[in-house]
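J.: Based on the hints, put chain B in the right spot on chain A.
Order-wise, the sequence lines are chains A and B.
FYI, my numbering numbers position 329 of the first sequence as 329, with every residue one higher than the one before it.
FYI, my numbering numbers position 356 of the second sequence as 707, with every residue one higher than the one before it.
Rather than coming from a laboratory, the hints here were simulated on the basis of the structure.
No false leads were mixed into what you were given.
Below, computed lysine-lysine pairings styled on DSS-like, alpha-carbon distance capped at 25 Å:
#, chain 1, residue 1, chain 2, residue 2
1, B, 678, B, 745
2, A, 16, B, 428
3, B, 784, A, 6
4, B, 676, B, 654
5, B, 428, A, 6
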Amino acid sequence: MPSIAKPVAIHPSLQKNVLGLTMRDYEGAMSTLCAGCGHDSVTAAIVRALWELATPPHMLAKMSGIGCSSKTPTYFVSGAHGFNSAHGRMAAIATGANAANRELTYIGISGDGDSLSIGLGHMCHAIRRNVKMLYIIENNGVYGLTKGQFSASADVGSKSKRGEPNRMAPIDPVALGLSLGATFIARSFSGDKEQLVPILKAGLAHRGFALVDVISPCVTFNDHVGSTKSYLHTRKHTRRVTESDFVPPATEILATIGQSGTTTVTMHDGSVVRFTGVPKDYDPTNRQRVTSYLQEHQGQGEVVTGLLYLDESVPDLHEMSNSPDQALSKVPYDKLCPGAAELAKLQEEYR
Amino acid sequence: MNRTNTEDPSYYHKVVDCQWACPAHTNVPEYIRLIAQGRFTDAYMLNRESNVFPAILGRTCDRPCEPACRRGRLDGKPVAICRLKRVAADHRGEIADLLPPIPTKKNGKRIGIVGAGPASLTVANDLMPHGYEVVIFEQNEKPGGLMRTNIPAFRLPAKVLDEETATILNMGVDIRYNTPVKSMKALLAEKFDAIFIGSGAPRGKELEIPGRHDALLNGPRIHIGIDWLESISFGHIDSVGERVLIIGVGNTAMDCCRSSKRMGAKSVKVMARRPRAYFKASPWELDDAEEEDVEIVINHAPKRFVIENGKLTGMEFERLEWDAKAKNSRVIDTVFLPADDVILAIGQENAFPWFERDLGAQFDKWDQPVVDEITMMSTLPGVFFGGDAAFGPKNIIWAVEHGHQAAISIDNYCQDAPVTERPAGGMNLISQKMGLSEWSYHNDYNPASRQKMSHVDLARRFRQLDIEVELGFDPEQTAREVQRCLNCDVQTEFTAVRCIECDACIDICPLQCLTITRDGSEEDLRTRLSAPAFNLTQAIFASAPLPQTSRLMIKDEDLCVHCGLCAERCPTAAWDMQKFELEIPYAGRAEACTSSYVPA
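Chain A on its own, in the form it takes in the complex (with noise of 0.2 Å):
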């Protein structure tokens, strides 16, 4: 753990957002994880994200669960809610969270043990609900907290650090979301904000659950040759599949990529975005292409990163259960609980 906390100073250039808050207005304590771990990165892009989003601190939640991932909501943005839930449960706190006041920001933040394995139920049952979140694996591969054991995520033929092969096959997040109809899939490396930040912002604008799987490196027990969750192995196998970048929702603006497979568009404010067409094997909106395509790099053992997948069609959970606008917990308790009498004449009706 670091000697002191991170210094008051701040560079005369640092920039307020429309909230009149600075990208040091949401950090949060200091990180505790070991030095170096990939998570702390993720922390950092989350910061960004949030500040270039403008989010204001009190109306974001921040919700995980148990293990090195879900230690860091700590990290980011002091000022908002937060809830650390049993091991696995965050998905399923987060449902019951977002049901109550969907007009809050959700982040979840879990690993690939609480995800994938004892949370993997509950993570499934959220994306089924498509749950009005960011759902943010930080995956490395390996339990840190208990020392290093391989996860349910570590590839087969990837080293222990004691230099012991995996054996069992993994359970593939963007795989399992693919399948089980995520509106939302991407693939990031935390060693990659360029990439991760604006899917970050992407995730947090989209319209349900929003699945980013993080390769995060272990750098205490995962970060050796013959691992396949390493920094250098990363880099060395990452094929950037999409060019990402976010714009915010506004009148829409139509242009075409030409041969070259890249474009420049001047956007509202005057800013210019050079736009990079995906390759001609890949589409983004086709599940079963995406899935296809992943399969076959995946088997070449690339690591696919980029915004995969995206659907905006698909209503989320609250659209969905035609529940009211407004934040259930606004609604006066007498109408939200209108009484027995009520309960019993409603009960009468089916019989």
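T.: Showing chain B alone in chain A's frame:
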């Protein structure tokens, strides 16, 4: 861009802005840490090694270190480096045992020195421990030169001056008071092995306007500032008229106006030609003068002295209006200001009426001696200059540095080595790591604001004329001020081959100093930094290509607070906090120039 060579001592030296700005390269952060530990004597001795007069300079230094201080770029106010120097001096213990021993067996070389000011005394200080015999010729009855005659006692008490000059003179210097050198030819005839001239800049500039030389019935009422201050210093005058005008707005003007208040003046006006932003006086000296109810009048150019019936009644000034950058002015009108005395403080210059021009020493077209800026030697071999005598008026700390350099040259000259052969400096880098997230320096950032110096109240300072106005920092102020220092000498040393590009250092850096990016020209790289680099005079560090991606680690040194968090969050110890020690060579110490007072 090119890989930064951190093995060149000047790279890290520049990061220690205060030490870089100090002409004598005083190791400021180290002495501030020693003060923080209550080791005042050690802090004093470390100071003394480079600046020789810590107690004097702790009160009077021009402080080139403070505008350079990195803290000033962060919260607007630099560390009160000068005041802390005084803290070390005020609280030091006995130092006699810590001074270098003076050999009883001399080396047979005799050095003649003209004047007993700071440059001359530094030469004596540096040469006495090596067996030289030093003879100083001083025209006054006490040592110190302009430090004694031009700096009023309310800023620099005589006791402080006496103590620090005595430390050097007690090394066995043969000082001859009341002995002005009247002829260089005669001095050369005394067959010294080398001669050092530190006779200062003793001639105050004249203001040749109508009325300046008119005869006055009531004695001289128009004074040359530095001469007038000297007369006060030696007790030759003790009063001045009720209304005093000071012409000029440099530091001498500040001493003159404050002295006038103590000599009985009721109304004192400092007359400046230009707007305040262009004043030569240090801002703190202006503040101190205004605290004493001195009025500073801008945009007034002296036109003539008004003399009626043989008496000075005042002066006429042209009121000026300046353009935006105060380059060109326009006269608005002429105004009369009454005065009983006028003191001219518009600059001073060196003068060598006693130095015959036919001895082989070249003087330039301004009648200034031609002196080499590195060796301090004139064109007459064996004759050296230093302090204000060398290149005109500068300040005490420059005089000290001239003295050090001249001493090296004199040592070379006397030992038959070329004076141009300068001993090499060097540096030491010592890791400050004590354990996991544990450093041997205090790395926390203290947001405390700069401590304000307390002053003796006005009534008392005008009653007791030589009372020192500044009281010095109290223990609480000292404790807060030392923590404002950012330990800029504790460097972030980077080893590229160890880096795994995990971004931990970049994520934690509070000042966004770090960037990992692809190579490019320096100009191009500066556009791709995590935070824009405003200060183009501060270098950016570029590492060797990193092992995994061949990108570079870039650090903008400008605003680094040296908190060590990059090193704490680095999993591979690619970053380390290492204390930089500049090895400054002094006379006779080429073979062992390591500072003896820097604790490991």
